[in-house]
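J.: Those sequence lines, one after another, are chains H and A. With this note's numbering as the guide, the letters of the first sequence map in order to residues 1 to 417. With this note's numbering as the guide, the letters of the second sequence map in order to residues 1001 to 1183.
Hints listed in this document are in silico derivations from the structure and should not be mistaken for laboratory results. Being a predicted model, the structure only gives us computed values, none of them experimental. Wrong hints could be hidden among the right ones.
Unchecked claim - Output of the computed footprint for chain H on chain A, the stretches with three or more beta carbons under 8 Å from beta carbons of chain H:
no.	region
1	1033 to 1044
2	1048 to 1055
3	1058 to 1066
4	1139 to 1149
5	1161 to 1175
Using N, Cα and C, we set each Cβ at its ideal position, and we do this for glycine too.
The lines below spell out each chain.
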Amino acid sequence: MSAGSVQVGRAALLSPTVATDAAAERRESRVRRVAAALIAAGFGASIVGVGWDVQWHAAVGRDSFFIPSHLLLYSGVIIAGLLSLALVLRDSRLWGRPGSGVSDTNTVRVLGVFHGPLGFIVCGFGMLTLLIAAPFDNYWHDLYGIDVTVWAAFHVMGILGAGIGGLGLIYMIASEANRAAGDRPAAGPRPWSLLNGLVVAGLAYLLPAPMVLLLPAALQWPVTDIGPLAFLTYPVMVAALTPLALIAAVRFTGRIGAATLVGTLFTLLRLAMVWLAPALTQLLAANLHETYRPYAPDYPLVASIYPAWLIVGGLVVDGVYWLAARRSGAAALRATLPALVGGVAAMLAMHALDALVVMNGWNWLWDRVWWRPLSMGHDPGYVAMALTLGTLLIVPVALFSAWLGKGLGSVLRIVRQ
Amino acid sequence: MKQGWSRWIVPALLALGWLGWGGPPVAAHNAFPAREFALQAGPYHYRALLFNEKVNAGDHVQILLVGDPLAARPVPHVGLQALGPAGATVAATLMPDENDRSNTAADLVIPAQGAWQIQLRVSGPLGTGSAGFPLPVNPAPALPQWAGWAIALSPLLGVAWFAVQQRGLMRKAEYGLQNADGC
Chain H
1 MSAGSVQVGR
11 AALLSPTVAT
21 DAAAERRESR
31 VRRVAAALIA
41 AGFGASIVGV
51 GWDVQWHAAV
61 GRDSFFIPSH
71 LLLYSGVIIA
81 GLLSLALVLR
91 DSRLWGRPGS
101 GVSDTNTVRV
111 LGVFHGPLGF
121 IVCGFGMLTL
131 LIAAPFDNYW
141 HDLYGIDVTV
151 WAAFHVMGIL
161 GAGIGGLGLI
171 YMIASEANRA
181 AGDRPAAGPR
191 PWSLLNGLVV
201 AGLAYLLPAP
211 MVLLLPAALQ
221 WPVTDIGPLA
231 FLTYPVMVAA
241 LTPLALIAAV
251 RFTGRIGAAT
261 LVGTLFTLLR
271 LAMVWLAPAL
281 TQLLAANLHE
291 TYRPYAPDYP
301 LVASIYPAWL
311 IVGGLVVDGV
321 YWLAARRSGA
331 AALRATLPAL
341 VGGVAAMLAM
351 HALDALVVMN
361 GWNWLWDRVW
371 WRPLSMGHDP
381 GYVAMALTLG
391 TLLIVPVALF
401 SAWLGKGLGS
411 VLRIVRQ
Chain A
1001 MKQGWSRWIV
1011 PALLALGWLG
1021 WGGPPVAAHN
1031 AFPAREFALQ
1041 AGPYHYRALL
1051 FNEKVNAGDH
1061 VQILLVGDPL
1071 AARPVPHVGL
1081 QALGPAGATV
1091 AATLMPDEND
1101 RSNTAADLVI
1111 PAQGAWQIQL
1121 RVSGPLGTGS
1131 AGFPLPVNPA
1141 PALPQWAGWA
1151 IALSPLLGVA
1161 WFAVQQRGLM
1171 RKAEYGLQNA
1181 DGC
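Same shape as in the complex, but just chain A (with noise of 0.2 Å):
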């Protein structure tokens, strides 16, 4: 190990970053809401807390579904979706939120710009209703997610290159304290 450590150093870092990235899990959103619309769906009350300030196009839209507490029993079905400005429309993957699994969190890929309509649809023993509200779509941002990412993490081959070069002083160091030891 001692002999060879910096040929671990690319496959630790790169484990390293993988444990750290893992990716964002689908019902996971940012710490604080951007905006919050109250959806009366007929019957239903719902708040709906957008954690995108701004979208565009290609981004995860970020929804959360808060329902009233005292709703009817049994909870009732929700559905989400996106109207596109030309007819298109993208339906939510929805999961119970992690942060409060009685809460729905929304996620959808919104694919072009425009004014987009979220709609959401509940249906339930008091009945059926929909509600919805506006979401602008900006155009698709110049520097891509990964361009960003590779610029951003380029400084790491820097931190490689160090590392590799202070592979001499630490045998030193550590040929120095063995040789206190009388090792």
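Isolated chain H, as found in the complex (with noise of 0.2 Å):
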């Protein structure tokens, strides 16, 4: 028998098993692909329950749970939380079966006994802490009333676990979109692809669920008073939950705009809110004959807090990459320099930008700015004491956030599992 026939004879033998695999892992992969984008547009749900909601409690009240908000908004946990549970059960029960398409490439261990997409696990821990906050929340408005701050045990639990959920849904993505890249090294711009982009767009609607923890910042406590020290509450926030979007995008993609289009596709998303909230809130309270209360906002409440200048952040974000690859050629999208130097410099323009409208009383789009009771009487020692300081603490957090969006945008890159 020839070298030839041998190589034959193996070809015959190896190829349908190869083939059967590889067929057996795009059946999973279009399973999980369905099941992420369900998860999707019931993140997208709750994320507009969540603006309708703390439109709601502030213009109609909180009279019960089976409010129409918190409806919708709970609905998408659950479709998300059953989708999760469902593919990790699925997948741990066709976990090492011969042609499942399920093996340890492309899933990991939980807890030695599950196996599942890690995105999957860890959108249901989210999902799960959410729904685990939903009754404790109810007993915590039982005992302290409707206007239970934002900033109330519970209300930051189901915070937690919305952002972890939606990372979770950023991790289901990326290891798709790795997959279906092959053994591309993992150096080098990315295409611009369905997959790719929609990692993009998950990191700009991570934002709006840790970012509703701005309300009492804005409202409620505008300055916050350390001793004799005090500073603004609400840029330092910002500067911690912001650049971890911009710069994990530009890390994720290897491209400059990656990080304007997250800037784009969040600033989009304020701007259905503005609309929204108000618009769903007004017809729900007509047709259900709820009156407001007598201080109900007149404005949208979450849409105001979202960041105004984040398409700005984005660009600045670019543009210090840009600088840089001119400097040193494409090896600056992977640096850790442009990273927190962008970073820094997106939050302290936004900030400026913020300082602009207040400082001119351009209040068209942001009323109720984070600011504006700074205006109301304070001592001018201590407004500037307060706007000193927040912008010196702007440049610790962003630093620090920027540097965890380069380590999530690396990990992004590579996570197949």
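With the hints as a guide, bring both chains together as one complex.
T.: Here it is as structure tokens:
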């Protein structure tokens, strides 16, 4: 028997198995993508539900757990939670079976028993956190009334769960994008494919859930007092959340422009919420014959605390990367320094633009902006200290967030499970 | 930094938590009042905005006193206290309101359940006067605030565990990217 015929014989023996495995993995990928798409739709419903819920609480009240905004919010959570659970249980059952397409190459093991895609496990954990928070939150409202601040224990727990869930969704899509890319080297720019674009969109829509935490920073505690010191709360919190998404987007795609895309997608959501939250509240209040509370806000509550200048922040990040790339080529997109400088510069630019708006009284879109209360009779020395310390604090907080974003973007480039 | 970044996670989270927490300042109140009382204390008219929809024993009660902007000058002296069912008295801490310093923010902790009365006393160039409103106080909740926060923040343990698990993947990613540069 010639060497050639041996080769042919091996191919005849191996090819069907390889082909079957490849087909099974493609089938498994299709299942995961459909599940991820449904989870993303659930998250979309929840983001709108949160904006509507905050508006409803402030305008009408929280007469029961089963108010429409809660139903929208929690239906999204339940969809995401059940799908994550179902997929992990399914993959745990199929794991290791020949021809199932579920193996260690596309799952991780959890608690020694379960096997599933990392993104679905993380998302399931987030949704479980959120669902556990719900009855406790109801109990908290029973104890403390309808006007419990957003910075209440079980609001924070719910928001934490939503953030974890959002991170899980990004992992789901990134792992699909990486497996679809095959064995392409990890370095270099990624093509603008649908899956890569969805990861960037996921990073933009990772922000709305934790940004609900900004509400008290804008309305109740615009200044944080620590002994004799005081600093503006809002810009420091924005600096903790935002660079992460902007830097991770550039790091993941390896492309200048990704941060601006994150800013643009987030701004589109912000504009949608400007219209949606008050409109839905008004429509339903009218249909249910609910009356507005005496101090009902006449402006979109959640949208007003979303950062208004995220497109500018994205442009600044991309600009810093562009300048770095001119000096040292494509390697600049993978370096640490541009990520850190870009993150800090973006936050300072957004902060400066907010200041410009407030100082000129341009309230056409930014009603109740974060430091409006400071213009109402505060001592100028106190205002100057709050502003100066707030600006200074942006730097270390944005550095940390940008560093996390750099790490997240790097991991998203290679995660396959 | 790259080698031992996980060492910094806990202090960094604590620092961020400290920054984010800060603690509610005395003069700050919730965003929207739950109830409003019109008080006529002698010649002075005040609106008292109560920010707690329900008050439990041990809670901070947040009240904002809004005076008549056309009231006599100099601004009258204001005092606020809570009178308890068994003759107990709790004086409020008064400060200029954080959102509008021409108003007065009051903060007081009611120690026990029962039918309490909030009493406003005003003295100024037009004379003195007092007025009040009732404040029913529920028993202290079975689940204290600290326990609520401990439960609520427990998922952070999972997040920390996940971050540590991802450390290896990040090292691999960074290593791959650096090798691609020929470093």
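J.: For each hint, tell me whether it holds in the structure or not.
T.: Verification of the hints:
Only residues whose beta carbon comes within less than 8 Å of a beta carbon in chain H count, and the region 1033 to 1044 of chain A has 3; three or more means the coverage holds. Evaluation of the coverage hint for the region 1048 to 1055 of chain A: fulfilled, as 4 residues show C-beta separations to chain H shorter than 8 Å, against a requirement of three. Counting residues of the region 1058 to 1066 of chain A whose beta carbon lies closer than 8 Å to any beta carbon of chain H gives 1, which falls below the threshold of three, so the coverage claim is violated. Coverage of a stretch by a chain is defined here by at least three residues with a beta carbon nearer than 8 Å to that chain's beta carbons; for the region 1139 to 1149 of chain A and chain H the count is 5, and the condition holds.
With 7 residues having a Cβ less than 8 Å from any Cβ of chain H, the region 1161 to 1175 of chain A passes the three-residue criterion, so the hint holds.
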